[in-house]
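Engineer: These are the residues of each chain, in order.
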Amino acid sequence: MTYGSYVIQHDLDFVIRRGEVFVIMGGSGSGKSTLLNHMVGLKQPARGDVVYDGQSFWGSPPEAQDELRRRLGVSFQAGALWSSMTLAENVGLPLQTFTRLPARQISEIVSLKLALVGLAGYEEFYPSEVSGGMLKRAGVARAMALDPDILFFDEPSAGLDPISSRRLDDLILELRDSLGATMVVVTHELPSIFTIADNSVFLDGETRTMIAYGNPKTLRDESPNPTVRTFLRRGAVDAAAGGAAV
Amino acid sequence: MRGRARFRGSDLLLIIQDCGPRALGIVTLISFLIGLILAFVGAVQLQQFGASIFVANLVAIAMTREIGGIMTAIVMSGRTGAAFAAQLGTMNTNQEIDALSTLGISPMEFLVLPRMVALIVMMPLLTVYADLVGILGGAVVGIGMLGLGPMQYLEQTRDAVHVSDFLVGIAKSVVFGVVVALAGCLRGMQSGRSAASVGLAATSAVVTSIVFLIVLDGIFAVILNVLGF
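Quick mapping for you: the protein sequence lines, in order, are chains C and V.
So the first sequence is numbered by the working numbering: it starts at 1 and just counts up by one.
So the second sequence is numbered by the working numbering: it starts at 1 and just counts up by one.
No lab work stands behind these hints, which were simulated from the structure alone.
Glycine residues also receive a C-beta, built at the ideal position from the N, C-alpha and C atoms.
Some hints could be false.
What the hints assert, rightly or not - Now the in silico label distances, taken between C-beta atoms and shown as ranges:
1. Y52(C) to L200(V): 32 to 42 angstroms
2. A221(V) to G59(C): 44 to 54 angstroms
3. V163(V) to P62(C): 50 to 60 angstroms
4. S194(V) to P62(C): 24 to 34 angstroms
The shape of chain V in the complex, shown without the other chains (with noise of 0.2 angstroms):
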């Protein structure tokens, strides 16, 4: 129990291990590869002006300031928010949603607050990682193909890149880690007691939070090029 809202500290901790740690693997898989595409890209059109080094510079800036937070959001949307919605999908086909509503517990308090955190902490955390996966992903063209040092990438990376732009995509993060979470429990809660809807809702689930995902992402490019970010 944490304060006024009620949940189980226990559940918390299980659903972070499965959203942080078990979530690593995709993630650098998804994201080094990203890295790696974005550079083989972008190698082909500034080789031609002889500016094959700038390639360090492109996969560090689409990474931290966007890729790395929304193809993160994206994996764990279906990853993470499909596997919420399908659980308590199921809990309501089993009544077990009823069964906590009839005591008096929150369901919203109980069952979301605790994987609505868990993102929120987790997000930000995956995102840096996969930033710096795609980073080296990205380096793996950058020297194998383009035949740059690798002091070199690394020096043109992080003269590119400023704390600025990894801050943008954290907070991107955390608020795409709210989204996938609300989408996977409202969809979970809002099923109908059957096998078929919990299919539905896992599906209703990922298609929601991927829509509002880009979306979202859309609004904030808007509004991080007005105020000058």
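Chain C with its partners taken away, still in its complex shape (with noise of 0.2 angstroms):
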């Protein structure tokens, strides 16, 4: 993945599993939302390809790539809610656009999902009347409005108060659960990862690649790699380690 010719990671090859729930993490700065931009079509790989069961991304003509971006639901930092439309009109844009189904039901369902992430009752409200918390989980709810296969957050607990962060961590399994949805979270809040993640990939700054692969709580325990273990224990240096090089 490349900005022009400056290198932000190099050699990233991992596998995420159907109704898994994923985490990318690393520090400040090492390319997680980069990859993220990448896993959704946003940006072409300068080497390499994103496949989706089976199906590569970049090889796929327009249209296919169109029929795969629906598939998929994401929520990016700030929410990027359309400021010109109410909340309602933001969750509702996709179904209108995609589905036939007639406005009541459509305003039915936007009350839903506005409803799932606790916004019951704020669909009349723009975006620049509402709190930034807010405009992160009606972002979410937008995400979700097509019941897509996979959803993509981006750093969902960023700027969220820690019950706020909990109940979006609850909700985040709660619809791997139901909808059988896979769900990759670019995050570096340490209780989320703890409490939602099946699997992660840990990217580093400095060797521009990723260093980890696996369950966060065995990385924490069991991983060769200082940088990952210093990570994922909040900067508590393990003194048996020793300072042992990998």
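Can you join these two chains into the complex? Each is in its own frame, and there are hints to help.
Structural biologist: This is how it looks when you write it as structure tokens:
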């Protein structure tokens, strides 16, 4: 993955299994959000590909790419709600555009999705009229509008108070269990990581590649890489390792 | 939703309202003053030959064929083209355009197309309006300064200008509308993700459109001359 001639990450190779909660973690600036952008079809990798169920995304024609995109739901870092539309219109636009449901049914689905994220009653508010945390939650509701197979979350807990953060974690787990959706979460909030993650990948900013892959709890205890262990223990270096290099 | 292109009808109506009725104030002011100035400059020269009546011809032909269209386009570029660039640039900063793309909604269809349609519809109307207001400005000079009678000025104007002159101005205004819309929208979508970049995008939109407007106007002048219009 590159920005111009600057390589931000290279040699990333991992598999996400259907129905699991997969966390992408790493230090700030290591390229987590960039990786997410590549996975949802916003940026093309300089080399390599993104494959869904055996179907190559970047090797497919534009119509097939659009089909694949509709199976994804993306929740952006600050919500990315369309500022000229109300929350209800935001969540409703995917339904209006891609389904033939009548307006009343769309309205019901919208209210349901907003209620799921704790925003019942805020349908007619504009993005500029609600708090940052509410914007993020509305963004999640919009990502869920078409009941996608795969949901992507870019830093879902950033800016949320601990209770809201916990509620969002619970929502992620609930969605996985009830919808069978696969969740890909970019985050560095340790409580969330340990609560929700089944599998994870760790991106390192210095070597600019992935240095760990597996369940975070396992990585915290057994990873051979001190950077990963330190990250997952919130900076507490374990004396027993004695500075062994990788 | 209209046919295969996907944008919201309500968005189109809002943009039309902004490009049309709300622009009337500044278009009126500018066209009136331009008509006035044209008449004044022409009068000073024509008076020497005792040919003041031909001020009416000068203003009418200049406004309908050239000035009405290009001045309206430049005004709209500063007013609406910059607004488009700023709107889309800010949406880019907030990842709103990314949000459309990841859903599979084309930003070109959803954002750019209604803006282009709105200007294509409004520019001819504004241009005809500007032409008439400019002629009125000329009439103020003709009647007030040169002492021509109102009916005299009006008849001279009517005899000087043909429908083809209006049509030339209108045809050009449609092309100008496309230029202003495209420059504004594309600069907006290309902008970087910061406040400074959005400002740059707005400036660049106006500069780009004005350059293309003038160049196209020159090309039209040559083509129309060759074709004998």
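Engineer: Determine for every hint whether it applies to the structure shown.
Structural biologist: Quick rundown of the hints versus the structure:
A hinted range of 32 to 42 angstroms for the beta carbons of Y52(C) and L200(V) is consistent with their spacing of about 37 angstroms. For A221(V) and G59(C), the hinted distance range of 44 to 54 angstroms is satisfied, since their beta carbons lie about 49 angstroms from each other. Between V163(V) and P62(C), the C-beta spacing of about 45 angstroms breaks the proposed range 50 to 60 angstroms. A hinted range of 24 to 34 angstroms for the beta carbons of S194(V) and P62(C) is consistent with their spacing of about 30 angstroms.
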